[in-house]
Every structure is written in structure tokens, then in C-alpha cells.
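Enquirer: Here is how the chains run, residue by residue.
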Amino acid sequence: MKPEELLYAKTHEWVALSTEGADKIATVGISAFAVEALTDLVFMELPKVGRQVQPEESFCEIESVKAVSDIYAPVAGEVIAVNSTLPDKLETLNHDPYGAGWIAKIKITDESSLASLLTHAAYQKQCEEEAH
Amino acid sequence: MQTCRLIVDPPQSGAWNMAVDEALLESAVAGGLPVFRLYQWSEPTLSLGYFQAVADRQRHPASLGCPLVRRRSGGGAILHDYELTYSLVIPPGRSSRTPQQHYDLVHDAIVEILTPFTSGSGLVVRKSAGIKRSPAAEPFLCFQRRATGDVVLADQKLGPDHKIAGSAQRKHRGTILQHGSLLIARSAAAPELPGVLDLCGTRAEPTKFAGELADLLAKAVPQKGGSWEPSKLSAAELAQAERFVAERFGNANWNHCR
Chain L
1 MKPEELLYAK THEWVALSTE GADKIATVGI SAFAVEALTD LVFMELPKVG
51 RQVQPEESFC EIESVKAVSD IYAPVAGEVI AVNSTLPDKL ETLNHDPYGA
101 GWIAKIKITD ESSLASLLTH AAYQKQCEEE AH
Chain A
1 MQTCRLIVDP PQSGAWNMAV DEALLESAVA GGLPVFRLYQ WSEPTLSLGY
51 FQAVADRQRH PASLGCPLVR RRSGGGAILH DYELTYSLVI PPGRSSRTPQ
101 QHYDLVHDAI VEILTPFTSG SGLVVRKSAG IKRSPAAEPF LCFQRRATGD
151 VVLADQKLGP DHKIAGSAQR KHRGTILQHG SLLIARSAAA PELPGVLDLC
201 GTRAEPTKFA GELADLLAKA VPQKGGSWEP SKLSAAELAQ AERFVAERFG
251 NANWNHCR
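Chains as they are written, first to last, in the numbering used here: chain L, 1 to 132; chain A, 1 to 258.
Accuracy of the hints is not assured; some may be wrong.
[What the hints assert, rightly or not] Per label pair, the in silico range of CB-to-CB distance:
(1) L:S112 <-> A:E212: 56 to 66 Å
(2) A:S42 <-> L:G21: 56 to 66 Å
(3) A:G201 <-> L:K125: 52 to 62 Å
(4) L:Q52 <-> A:A252: 23 to 33 Å
(5) A:G93 <-> L:Q124: 19 to 29 Å
(6) A:E212 <-> L:K2: 54 to 64 Å
[To be verified] One side of the interface only, derived from the structure: several residues of chain L facing chain A at Cβ under 10 Å:
(7) V42
(8) F43
(9) M44
(10) S69
Bear in mind the hints are in silico, worked out from the structure with no lab data behind them.
Every residue, glycine too, gets a C-beta built ideally from N, C-alpha and C.
The shape of chain L in the complex, shown without the other chains:
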């Protein structure tokens, strides 16, 4: 997926929207900016399939340089799939954060939760501000 075509949460998760039948699906990962800031990833715990999540709710945890960080659900919905091979291949997040490094797919239950997501341009601006 091209980063320019994705939506972003302020907490550095990316969202790719698609439809499956009548359902709207958000594929979720973390941005290259977030991966670079985390450095040396060693552990990740994925959410359970079937879990209901709300925006800004911690639904995944990751450890790097002895620092444990939350990854937040960017939309409201139900986790319907997780990238179960990712915790054993965390280097994938460095090589392909927007493709093979996807974390979970969420069936969106409240589309109003999409309104707070940022465009790529707005997210880039936020990253530039954080880097300074």
C-alpha cells in the first residue's frame, strides 16, 4: 500500500479502508515514522480476534529498548484478523510497514470514528513538528 493513500491516527497508526460485502474494513499498522522512533523491536502482543475496540483504546503492545509502548485502535469495531506471523518477524515492520507489516483488520462498527483520522499530508506535518 502507498503511504500517500492511507489515513493516520495522531498516535501513529495507519488505516487502509476497504469493503467486504456490506462491511467496511480497516487494515491497521504503524507508520514508518513510529517504527523508526521505536527502534530495535523485540516483542509484540497482538489483540485477540473478536475483540471489540474503540478509537484511542490500547489494543496491542510492543517492546523496544526495554520500553513497552501501546498501539491504539484507530477506529471503532471488531478485530476480525491479526497478522499472527508478525511477532516472530518484527523486522518486517522495518522493511515493509505499510504492507507485510500490517497488524490487524477491524470491521468498522461506527464510521463516525473515521472523522478524526488524518490525511497523509496532515500526518506528515505532525511528524515534522514532533521531530523538532
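With chain L held as given, fit chain A onto it using these hints.
Expert: Just chain A, lined up with the frame of chain L:
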């Protein structure tokens, strides 16, 4: 000038110590001030790094009889006994530093305060360059690992070094909770790990010595644009810590979750 909170606590249980740090983290998330807390442990306690499995404690027979608590921070297991422990809580927007820079902030202060104790001992206190291993190859105990910037006591003639201080973090909603431990003296529950008193050949009562180091460390850790002022937990923080003991750190289901 912005005031920051300095809390010096008496020795308490592992569950309570972890719950207080978590309450201070949540307090900072809600708009509270930075906190530097110094504390000790009322009984030898094994803390696991957040992602460590309880089953792995079998790798360390000497501490099997000790109570266990799971930390919210990463890294390896620690046997807390004769130890000075700190937590540093930094609210959102109060830091532009990397995790390593936060570790260095406290570890540089530890090197500074311990340097006078090593004079004449033939040892030098310094920061480690670190040893990189795969997660599966890391020793169970934090103090047998070497991360970049860990504080070690080393023989000036390039003999083996001994880790005496290390730190780890939890990041939550833009707030950082950094824990760290400074080994004061060897514990019977981790006899392979000498502390500062053992290595320097200094005779002192460990708890009293830890208290003296706490005073020095509180003065040595810099607070950008502010000062550390003595503080206590608020009633709300105490109530929240009690909840965290019940729900997490004193709860076997939570401590044994992996």
C-alpha cells in the same frame, strides 16, 4: 519555574510499589507534574519484565521462594532486595528525549554519585557499551544483561564488569514511566549478583546506605527548567494504587498472564 514532585518512600511490597508507580503514571496522563520517586522493598521480590513468561522463573532457582510481581516496563527479571529503586514519570509534552537519553539522564547521575565510593577500590564506575543478543538468547535476569548505558563497576585493569544499575520504561498516552534499580548489596535470593557495597568492600547497613544514596541521587538528577520538591501521594493516587494492587500487581491472574 515549574515544580516537580520528589517522593521518597519507605520499603514496601512489590505489588504496592508497582501500583504506586502506575498511579503516578496515570496521574501524569491526566495532567499531573513530573515525578521522581525513590523507594525500597519490604521483602525480597522477583519482578518480571512485562513480556517475560512466569514459567521462565524456573531458570533462577535461588529466587523461587520469593513473591512475584509483573512490571509494566520491559527488560529482564529483577530480584529486588538490597536495592535502591527509582521511578521517573514524565508527562506528555515534557520531553523531546529518546528512551536512551532518559536512561542516560539517571544513569549519568548514578555514575556521578558513586564515583567517590569507588576511589581506592581499584574499580571504576562507568556506563556499559552494551552486549547485543537476540531476545531468546538474553539471560533471564536483567542484571546479567548489558544494555547500552547500563551502569557497571569494572576493574580498572580490564577485568570483568558487574552491572549495578539498569532501567526500563513504559510509555502510555504520551507519558513515560521509567523504572530503574541500583544494586546496593548481594541478596541470598540472587547470590550471583554483587552490589555496590560488596564490590567496593564497604561496610555499611544496606538499607541505610540506600537511603543516603537516595538523597544524593535526588540532588544529582537534573530537572530541566524546574526543581524537585518533596511531595506525597494524593488521596486520589492512593485510592488508584489500591485499585491497581487488586486488579493487577497483587492479582495472580494478571501477574501470571503469560
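Enquirer: To test your reading of the hints: which numbers does this structure violate?
Expert: Violated hints: none at all, because every hint is consistent with the structure.
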